[in-house]
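Visitor: One letter stands for each residue in the lines below.
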Amino acid sequence: MLESFSSVDSSRTAPTEWLLARIAGPNRAAAIMGDLTEMAATRGRLWFWATYTRTLITLGWRTPVAAFLLAIASMRFFVGTVIRWLMYRRGSHLMDAGLFSNTHLRLISWNLAMLMAQFLTFALPFILVRFGLRNRLTQLTCALFLIAMPVYSLRPWFLDLTSLLIVVAVAAALALPLWRRPLIVLAGMGITAVAWRVPFLMGLARVYRRHLPYLSNSTVVLSDTIAFALAAIVCVYLYRRLLERPPASDRTIA
Amino acid sequence: MKNEIDTEPGYYYIVVHMNPERSLGEFEQIVLLAVLRLGDEAYGVTILAEITAKTGRNPSPGALYTTLHRMEDKGLVTFRDGSPTPERGGRAKRFVIVTREGRNALASAQSAYQSLLQGLDLLDAQLFGGANA
Numbered sequence: 175m176l177e178s179f180s181s182v183d184s185s186r187t188a189p190t191e192w193l194l195a196r197i198a199g200p201n202r203a204a205a206i207m208g209d210l211t212e213m214a215a216t217r218g219r220l221w222f223w224a225t226y227t228r229t230l231i232t233l234g235w236r237t238p239v240a241a242f243l244l245a246i247a248s249m250r251f252f253v254g255t256v257i258r259w260l261m262y263r264r265g266s267h268l269m270d271a272g273l274f275s276n277t278h279l280r281l282i283s284w285n286l287a288m289l290m291a292q293f294l295t296f297a298l299p300f301i302l303v304r305f306g307l308r309n310r311l312t313q314l315t316c317a318l319f320l321i322a323m324p325v326y327s328l329r330p331w332f333l334d335l336t337s338l339l340i341v342v343a344v345a346a347a348l349a350l351p352l353w354r355r356p357l358i359v360l361a362g363m364g365i366t367a368v369a370w371r372v373p374f375l376m377g378l379a380r381v382y383r384r385h386l387p388y389l390s391n392s393t394v395v396l397s398d399t400i401a402f403a404l405a406a407i408v409c410v411y412l413y414r415r416l417l418e419r420p421p422a423s424d425r426t427i428a
Numbered sequence: 137m138k139n140e141i142d143t144e145p146g147y148y149y150i151v152v153h154m155n156p157e158r159s160l161g162e163f164e165q166i167v168l169l170a171v172l173r174l175g176d177e178a179y180g181v182t183i184l185a186e187i188t189a190k191t192g193r194n195p196s197p198g199a200l201y202t203t204l205h206r207m208e209d210k211g212l213v214t215f216r217d218g219s220p221t222p223e224r225g226g227r228a229k230r231f232v233i234v235t236r237e238g239r240n241a242l243a244s245a246q247s248a249y250q251s252l253l254q255g256l257d258l259l260d261a262q263l264f265g266g267a268n269a
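Residue numbers (the working numbering), protein chains in the order written: chain A, 175 to 428; chain B, 137 to 269.
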């Protein structure tokens, strides 16, 4: 039984090991496949495939690519259902009087708050999946997400207050050493996402220059996806540079 | 991180704060203890078997590998490659070794448990059916 399983499956496991190596690296993948093959000799093929699949998911769901795909999917769901419903339902209140009487100031603050909220609908699931809930970057993103979400009520008072609260929260995070680096990582990610979001920037510019052309839906989706992919890369890079702990050999134990 | 709370020469104390990011989770401690118990024979299959035998738990291999990889990244464990064997489809065993940092982290976590247990007769109560409880 033991020999038959390993001899039959040694060739068949090559693609599975290749797939595992994409997530865990070649050395780890070889060791894991060896362990699973050894244990499958007494537990059978069904156990092997079930355990292999579970292992693949367990090891793979926090990879940047998986986190990115999950974040894009959850953002599309959120924007396509919750936000669309709120926009249609609450849109009529948009021009009511609010805290800021200056129209331009309101326009700028609302757009910035909306921009941040939209960015956070992608950033939160990505960071949550990639780094886990116990991470400080996730906690900061979560807090900003909760602060920013009332903008989708489209009620001017909420929009004004949310804009104000976002500024206060960002200033507070910048002032506190514990939260400064996570904020820098999030800001770097956000700036990248916004800078590459051509349709949104064109939408903003259209307020002042109405002759600018409208982009097709597919162009918008493609542009968004590229922008968020770049933002995810920047996030992972900045996280490694600013927040990842040094190797254990560099640290001392008191 | 150290704070001097009494600076009188020759009679000062150093308060050492336990770094929360260094603290070990329960499963990490179980894995490290199993690896230490197994000595030179600690690899995926034997670690899973040891945990099952000693704790009654049946952890999934995925959970074990995730924990081992995380601890490797933290520098708590390292690996040594064995020789390829036919029952593993020609793949080598990857033996786990607990590093000095791993031992220190485990000792620190266990001493915290011991401190909390001191004065409680939980183990006696469990062993003797609550006679001393």
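Hints should not be assumed to be uniformly reliable.
[What the hints assert, rightly or not] For each label pair, taking beta carbons as the anchor points, the in silico distance ranges come out as:
hint, chain 1, residue 1, chain 2, residue 2, range
1, A, Arg250, B, Ala189, 45 to 51 Å
2, A, Leu260, B, Asp209, 27 to 33 Å
3, A, Pro238, B, Thr221, 52 to 58 Å
4, B, Arg216, A, Gly218, 27 to 33 Å
5, B, Gly192, A, Arg217, 45 to 51 Å
[What the hints assert, rightly or not] Computed footprint of chain A on chain B, listed as stretches where at least three residues anywhere in the stretch have a Cβ under 8 Å from a Cβ of chain A:
hint, region
6, 159-170
7, 226-236
8, 245-258
[To be verified] A few chain A residues that face chain B, going by a derived Cβ cut-off under 8 Å, partial list only:
hint, residue
9, Ala195
10, Ile197
11, Ala198
12, Ala205
13, Met207
14, Met213
15, Arg228
16, Thr229
17, Thr232
18, Asp334
19, Leu348
20, Arg354
21, Ile358
Rather than coming from a laboratory, the hints here were simulated on the basis of the structure.
Glycine is no exception: its CB is placed at the ideal position from the N, C-alpha and C atoms.
Visitor: Now tell me, hint by hint, if it's right for this structure.
Guide: Tested hints:
1. A:Arg250 <-> B:Ala189: 45 to 51 Å: The hint (45 to 51 Å, Cβ to Cβ) holds, given that arginine 250 (chain A) and alanine 189 (chain B) are roughly 47 Å apart.
2. A:Leu260 <-> B:Asp209: 27 to 33 Å: 41 Å, violated
3. A:Pro238 <-> B:Thr221: 52 to 58 Å: 34 Å, violated
4. B:Arg216 <-> A:Gly218: 27 to 33 Å: The hinted range 27 to 33 Å holds for arginine 216 (chain B) and glycine 218 (chain A), with Cβ atoms some 30 Å apart.
5. B:Gly192 <-> A:Arg217: 45 to 51 Å: 19 Å, violated
6. 159-170: violated (count 0)
7. 226-236: Contact hint for the region 226-236 of chain B vs chain A: holds, 6 residues under 8 Å.
8. 245-258: violated (count 0)
9. Ala195: Constraint on alanine 195 (chain A) not satisfied, violated at 12 Å.
10. Ile197: 10 Å, violated
11. Ala198: 7 Å, holds
12. Ala205: Since the shortest Cβ distance to chain B is 4 Å, the answer is holds.
13. Met207: 6 Å, holds
14. Met213: With Cβ-Cβ at 6 Å, under 8 Å, it holds.
15. Arg228: 5 Å, holds
16. Thr229: It holds, given that the least Cβ distance between threonine 229 (chain A) and chain B is near 4 Å, below 8 Å.
17. Thr232: 3 Å, holds
18. Asp334: This hint is violated: aspartate 334 (chain A) lies away from chain B, its Cβ roughly 38 Å from the closest one there, beyond 8 Å.
19. Leu348: 22 Å, violated
20. Arg354: Nearest chain B Cβ about 17 Å off; hint violated.
21. Ile358: 19 Å, violated
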